[in-house]
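*Asks:* The listed protein sequences correspond, in order, to chains A and B.
284 is the number that our numbering gives to position 284 of the first sequence; each next residue is one higher, with no gaps.
195 is the number that our numbering gives to position 195 of the second sequence; each next residue is one higher, with no gaps.
Treat the hints as calculated values from the structure; they're not laboratory data.
Some hints could be false.
Away from chain B, derived, C-beta distances all over 10 angstroms, residues of chain A [said to hold, decoys possible]:
no.: 1; residue: Lys74
no.: 2; residue: Val220
no.: 3; residue: Asp230
no.: 4; residue: Leu270
no.: 5; residue: Glu323
no.: 6; residue: Asp351
In silico BS3-like cross-links for lysine-lysine, where the CA-CA straight-line distance does not exceed 30 angstroms [unchecked claim]:
no.: 7; chain 1: B; residue 1: Lys154; chain 2: A; residue 2: Lys277
no.: 8; chain 1: B; residue 1: Lys185; chain 2: A; residue 2: Lys268
no.: 9; chain 1: A; residue 1: Lys271; chain 2: B; residue 2: Lys132
no.: 10; chain 1: B; residue 1: Lys187; chain 2: A; residue 2: Lys268
no.: 11; chain 1: B; residue 1: Lys187; chain 2: B; residue 2: Lys110
One-sided excerpt, in silico: chain B residues whose CB lies under 7 angstroms from chain A [what the hints assert, rightly or not]:
no.: 12; residue: Ile57
no.: 13; residue: Thr74
no.: 14; residue: Ser86
no.: 15; residue: Trp90
no.: 16; residue: Ala100
no.: 17; residue: Glu103
no.: 18; residue: Ile130
None of the values given here were measured: they were computed from a predicted structure.
Heads up, the beta-carbon is just placed ideally off N, CA and C, and yes, glycines get one too.
Read off the chains here:
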Amino acid sequence: MKQSITLGKVTKLMGLGFLSTIKDLFTGKLEKEDFKNFLRKVVVPIASILLFIGLWHMGSKTLYNIEADFRINKALEEQGQAAADAVAACIALGEDSSCKPNTLPSPAQVWESYRSLLRDHNIISADKAAFIEKTAALNEKRLAEGKDAITYTGRPSFVDQIFRSLKTVFAGFLLALFIAVPLGIFIGLSPTLKSAFNWFIQIFKPVSPVVWYLLVFMIVKTLLIDSNEDSSFTISFISVGLCSMWATLVNTAMGVSSVDKDYINVAKVLKLGNFQKIFKVVLPSSLPLIFTGLKITLSVAWMVLIAIELLAQSPGLGLFVWEEFQNGANDSNAKIIVAMFVIGIIGFLLDRLMLTIQNWVSFDKTDAI
Amino acid sequence: MAYLELNNIYKTYGQGENETEVLSNINLSIEEGEFVAIVGFTGSGKTTLVNLINGLIEPTKGAVLFKGAPVQGTSHERGVIFQNYSLLPWLTVGQNVYMAVKEAFPKHSKTELSAIVADYVEMVGLTPAINKRPKELSGGMRQRVAVARALAMKPEMIIMDEPLGALDALTRGNLQDEILNIWEKDKRTALLITNDVDESIYMADRIIPLRPGPNATLGPEFKIDIDRPRDKTEMNDNANFKKTRNAIIEYLMDIGNERKTETQDLIELPDLSPKDFVNQFKY
Ligand SMILES: Nc1ncnc2c1ncn2[C@@H]1O[C@H](COP(=O)(O)OP(=O)(O)OP(=O)(O)O)[C@@H](O)[C@H]1O
Ligand SMILES: [Mg+2]
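Could you build all of it, start to finish, from the sequences and the hints given here?
*Replies:* Have a look at this one:
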């Protein structure tokens with residue numbers, strides 16, 4: 001019983017209330033009036049997912065046919081019947097990428113690509129593990145001699161790219177957090193600072209990620225001019241942080257400057273010092289707004305990350321997408337769609353993570369959206 | 001010199017067209033150890049008056065003197081029970097009280113502070129709810145936390161802005177007695193804002209009505225010469241009590257009626273203006 005309560009609490013905290021509904025279904029606790037709820041929360045989403053996949057399948061089939069017909073007709077007009085037959089046969093075989101229509105892949109193809117990416121990952125990680133085992137003894141000796149260890153330099157797998165992206169986004173998010181929250185507090189507390197910074201915020205807030213990247217590139221490139229380290233990671237996480245910090249900055253400043261007057265009166269009557277007043281009254285009361293800002297920041301960070309990785313040539317999902325697009329192999333399009341879903345799902349999970357933390361720290365429990 | 005003195009206090013809010021003078025020419029002096037009650041209609045400026053005394057706001061004109069020195073900002077010597085409770089919603093009942101006690105007695109150890117908190121929470125009957133947050137409490141429970149928080153700081157002067165308004169008669173009676181106990185035992189000075197005439201007679205040495213605003217002023221004071229400790233049931237038969245009670249209620253009803261007739265006058269005003277208007281055309 002206790003366990004089920006905590007499960008309910010956790011799922012509610014995460015805004016995944018429908019999980020409890022599913023659990024109730026299996027434990028037979030579903031009441032009649034819950035049935036409507038169950039329909040709405042479980043059956044309807046599943047039906048809409050199936051509908052989406054069906055439409056996608058038909059759409060990709062149509063696009064495939066349009067392109068196949070076009071290629072056959074083109075061969076017929078330019079090189080005659082024999083060439084057209086050859087193209088038609090080639091397309092029907094579906095293996096040679098030179099004749100195969102290159103269009104929106106079908107759900108089945110995407111699923112197949114997903115599995116092949118996983119297989120690829122398993123092969124690469126086995127390879128990597130073997131390499132590490134092989135070089136372990138040697139590396140120990142090299143370290144003892146004061147030399148650098150030998151590291152695995154093979155191609156990163158799709159899963160590795162995901163983790164690289166997550167690393168970049170968290171580094172950027174932390175940078176945004178450490179700049180925007182303190183700065184927001186100062187701006188919120190002091191009307192003078194507010195007017196000093198207002199133009200700055202208004203002008204830089206709408207600047208696009210690409211421009212941020214270029215700006216950071218200009219600066220970091222010069223700063224790291226002597227170091228031969230790869231600066232692409234540094235550049236991309238700083239750009240992500242600078243792009244995404246504005247929501248937190250604005251929300252923090254707003255939260256801090258609009259603390260309920262009653263709470264300020266309490267602080268005055270208790271004669272709290274400035275430090276105490278900020279940490280015991282102002283910050284706790286603006287926490288809900290700060291977290292709303294951080295949630296926006298994290299989702300913006302994840303959204304711009306892909307574009308920035310692509311520009312910075314920094315390893316990660318963005319680079320993966322770009323390389324697949326340029327690669328033009330048989331299953332490249334399908335892999336791009338796989339990446340798209342992975343990006344979307346991770347974005348969703350990050351959002352839920354923030355919501356969970358927010359509900360957990362906040363006195364002002366808001367229901368999940 | 002009196003313990004607390006208000007000399008010719010005026011307080012205006014707003015500027016330009018929106019300027020309203022809420023309090024006009026307020027004169028009040030309270031001696032050390034006195035219990036003074038102020039009764040008045042809603043919106044007459046009672047909270048404004050309280051905030052002037054506790055130092056949250058400054059008068060537009062006039063001076064507030066506390067022990068002979070002008071009031072500058074708030075002080076732990078003057079404890080406040082806010083009308084709207086003003087509890088910090090992210091702290092539990094215990095933490096709300098603890099925070100105040102810690103500020104009032106910075107030299108006490110943690111255990112001493114916790115003991116004080118436990119005492120006062122017990123006094124207001126909230127020990128079972130000590131770990132709850134304000135959101136989980138009823139209005140009356142919140143009000144009691146606010147009472148505990150202010151009293152636990154053991155201020156020299158207790159300023160109470162309708163501290164018991166949201167309570168039922170029984171709880172209200174108990175807390176009235178607790179407040180009186182604390183006031184009597186440590187010889188504090190108390191200022192009580194209330195809209196309950198019986199409560200003011202039961203608790204105070206002097207009752208001063210605040211006339212309705214804007215431009216609210218203090219009315220004539222009523223002295224309560226009933227020996228302490230007072231007994232509620234006995235008081236009902238006390239001739240002195242009945243007389244004072246009737247006098248205060250009559251006074252309040254009179255100023256209430258004055259206010260009504262004033263508004264009726266206002267309605268009659270438009271009838272006068274067309275005459276001037278017509279006269280103008282005769283030239
Ligand atoms: N900060 C403020 N700015 C402008 N006007 C104010 C402000 N505070 C109070 N007032 C006005 O002053 C008048 C008196 O308000 P106050 O809160 O002192 O009344 P009150 O007697 O405490 O009323 P209640 O019994 O309802 O608590 C009201 O008309 C109110 O609109
Ligand atoms: Mg009031």
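*Asks:* With reference to the structure, classify each hint as holding or not holding.
*Replies:* Hint check results:
1. Lys74: holds, 70 angstroms
2. Val220: holds, 40 angstroms
3. Asp230: holds, 45 angstroms
4. Leu270: violated, 5 angstroms
5. Glu323: Given that every Cβ of chain B is farther than 10 angstroms from that of Glu323(A), nearest at about 48 angstroms, it holds.
6. Asp351: The claim stands: Asp351(A) keeps its Cβ more than 10 angstroms from every Cβ of chain B (closest is about 24 angstroms).
7. Lys154(B) with Lys277(A): Given that 30 angstroms is the threshold and the Cα spacing comes to 21 angstroms, the pair holds.
8. Lys185(B) with Lys268(A): holds, 28 angstroms
9. Lys271(A) with Lys132(B): With a Cα-Cα distance of about 25 angstroms, the restraint between Lys271(A) and Lys132(B) holds, given a limit of 30 angstroms.
10. Lys187(B) with Lys268(A): Distance of about 25 angstroms is within 30 angstroms: holds.
11. Lys187(B) with Lys110(B): Holds, because 27 angstroms separates the two Cα atoms, which is no more than 30 angstroms.
12. Ile57: violated, 10 angstroms
13. Thr74: With a closest approach of 5 angstroms, the Thr74(B) hint holds.
14. Ser86: Ser86(B) check passes; min Cβ-Cβ to chain A is 4 angstroms, inside 7 angstroms.
15. Trp90: holds, 4 angstroms
16. Ala100: Status holds, d = 5 angstroms.
17. Glu103: holds, 5 angstroms
18. Ile130: violated, 17 angstroms
Consistency note: the structure conflicts with the earlier hints numbered 4, 12 and 18.
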